[in-house]
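Novice: Whole structure, please, built from the sequences with the hints as guidance.
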Amino acid sequence: MDAVTKLASQRAVVVFSKSSCCMSHTINRLFIDLGVNPSVHELDEDPRGREMERALAKLLGRNQAVPAVFIGGKLVGSTDKIMSLHMSGNLAPMLRNAGAMWL
Amino acid sequence: MANERTLVCGVQGSFHTSTKFFDEAESDYFGELEEALIHGDPITSSHGPKKGIVETARPPTLEIFPSWPMRHQHHQHPTVEQRKSEQSVESSEESGSVKDTANTTSTGVIGGAQSQVQCRGRGATEGEAQKGLVVIMANGAPQRTGAQQPPPSAPQIQYDNSHTEKKKIIAGSTRKDGKLLDAKTLRRLAQNREAARKSRLRKKAYVQQLETSRIRLQQLEHDLQRARTQGMLLAGCGASSGEMSSGAAMFNMDYTNWLEEEGRHVSDLRAGLDAHLIDNNLSSIVDDCITHYDTLFHLKARLAQTDAFHLLTGLWTSPAERCFMWMGGFRPSDLIKIVTPHLDPLTEQQVIRLCSLQQSSQQAEEALWQGFDQLHQFLSATLSSGPLSTDVGADVSNYAGLMDIAIEKISSLENFVRQADHLRRQTLHQLREILTTRQAARCLLAIGEYYRRLRALSSVWATRPREALIGNETASPNTVTDLQAIQQSQYAHYSAF
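Those sequence lines, one after another, are chains R and B.
The first sequence lines up with residues 1 to 103 when you count with full-length UniProt numbering.
The second sequence lines up with residues 1 to 497 when you count with full-length UniProt numbering.
None of these hints come from the bench; they were simulated from the model.
There may be inaccurate statements among the hints.
What follows is a list of derived Cβ distance ranges for each label pair [to be verified]:
#, chain 1, residue 1, chain 2, residue 2, range
1, R, R54, B, P345, 53 to 63 Å
2, B, Q219, R, S39, 50 to 60 Å
3, B, R216, R, R62, 31 to 41 Å
4, R, D46, B, A400, 47 to 57 Å
5, B, S384, R, N37, 26 to 36 Å
6, R, G73, B, D279, 21 to 31 Å
7, B, R452, R, D80, 23 to 33 Å
8, B, I405, R, R62, 22 to 32 Å
9, B, Q349, R, N37, 53 to 63 Å
10, R, S19, B, I278, 52 to 62 Å
11, R, T5, B, Q209, 54 to 64 Å
12, B, Q219, R, D33, 45 to 55 Å
13, B, D274, R, S19, 55 to 65 Å
14, B, R264, R, N37, 44 to 54 Å
All residues carry an ideal CB built from backbone N, CA and C; glycine is no exception.
Specialist: So, in structure tokens, the structure goes:
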């Protein structure tokens, strides 16, 4: 959990993902297309990956821990949440507030 | 000596030890008789003892009337007396259990007999009891060897048949013996009855359950058969029943019903717009329509868990819809493009918001498509790994492992279908947010009408007369007439809108 929090606060946009997870790839692509440079942590390539995955699963309240998005050090949610925010036009302001976007 | 006595008495061979019950006095008689027989002296009736001898010469089994003098009682074998007293204690115990009365030891039988004697001995004379005792004693000998039933030579004077002996013993015991014992038996019997009754009730309930289940199963099979045939006919797809999963078939049926109701919502919207209803009333119609779309997304999400392929291949839609489908449904940005012209007049704010919505959906669609494409790449890599030229059977373990990885890859298909539907749902809800009630009503009406036309196109295309289109290029009057007729018939289809 500490590792998660520590990593999450290092950058404006932090995405915990897995190299095998295609939905994580979707989220990353979206941020890149928006002009944001997310800090991506592949849990399957991290030695502490297992416990981080467990911690994230608990935070999200579901089995699937990835992708998990933190903006400005705060947990936003997974794919559903990010998509809803984006479609409602609320994602961009959030990114701007966190200093991740300049447009 | 005992054998001798047996011979002398003419007792049947089984009464080996019966002679032990003859007291000392009797032995004197026998002794005399013996002597008489040996010496050939006739037995004179005047001889008192001889009389007794003669009388005693009769086998004890045929004794009906007590011929033994009363003093016989006093000369009882001490063990008999002891046994009697013992048995009166024992019988109280033994009569308590059927098993014990079935005890093959002579003690048990005697004990039972004892109680039998006792119970009937209430008014019976001692002699009678005595006789009973003797009789049963006589029978006790063979029974000592373990026979439960008295030998065939059992005297008729034995009052009870052997098979009722036990019963009588028990019955006798309920009457005669202490209440404390019977409570135990009675309780046990009552418990048995209760258990049997419960078991019968359980069995009855179980059988009833089976019956209802059987009826339900029949009904379900019938319904399933009906649904299958209906689903097949209405989906209009060429897939045979073997290719479609049961979940997919059910979904097709549900979708057909959904379309029917969608038609009703569209009519309501049109009627509401034409009637110029106040915003509140129209708003409820609009909200109902949006809720109806949510229902479809819910149905799709449910099928996605078991059969994502069915949703993605679009076998539940018409061919024209299927052809231009995006990730199992409409493409959100396309939809916005379709409806925007019908929403005039739009405020500037609305235009900005609509543009923003369209841009967001395009970005989301692109990202989703990228992820989907990556899934495809992974799957491709997995399936093409290893030598493709080898036969499957040659390397089963590798094949199985390969399949496992592939299965894992496509398990996330469900997520993609659901995310695509999520985007579609978000688009509709955002449109509702941005637009006024009347605009929203027009928007939904436009969507409904657009897809109805697309479906109609599918059927027109499928039923178009191909012969008229094949043939010579020159436009002869006949051909022109034919073409006009075809066009007219096609317009007839459109007039239905």
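Novice: Are the hints correct? Go through all of them and say.
Specialist: Cross-check of the supplied hints:
Range check, R54/R to P345/B: about 55 Å between beta-carbon atoms, so the 53 to 63 Å window is met. Taken as a hint, the range 50 to 60 Å holds for the pair Q219/B and S39/R, whose Cβ atoms sit roughly 59 Å apart. Between R216/B and R62/R the beta carbons are some 36 Å apart, a value that agrees with the proposed interval 31 to 41 Å. One distance hint, 47 to 57 Å for the beta-carbon pair D46/R and A400/B, is violated here, with the actual separation near 30 Å.
For S384/B and N37/R, the Cβ-Cβ distance of about 34 Å falls inside the hinted range of 26 to 36 Å, so the restraint holds. A hinted range of 21 to 31 Å for the beta carbons of G73/R and D279/B is inconsistent with their spacing of about 44 Å. Between R452/B and D80/R the beta carbon distance is about 31 Å. The supplied range of 23 to 33 Å therefore holds. Here the CB-CB span from I405/B to R62/R is close to 24 Å, well matched to the stated 22 to 32 Å.
The beta-carbon spacing between Q349/B and N37/R, approximately 32 Å, falls outside the hinted interval of 53 to 63 Å. Under the hint 52 to 62 Å, the C-beta atoms of S19/R and I278/B, about 57 Å apart, fit the expected range. Look at T5/R against Q209/B: about 56 Å separates their beta carbons, and that is inside 54 to 64 Å. For the pair Q219/B and D33/R, the beta carbons lie near 54 Å from each other, so the given range of 45 to 55 Å is met.
Checked against the given bound of 55 to 65 Å, the beta carbons of D274/B and S19/R, roughly 57 Å apart, stay inside it. In this structure, R264/B and N37/R meet the distance hint of 44 to 54 Å, their C-beta atoms being roughly 50 Å apart.
In terms of the numbered hints stated before, the structure departs from hints 4, 6 and 9, listed from lowest to highest.
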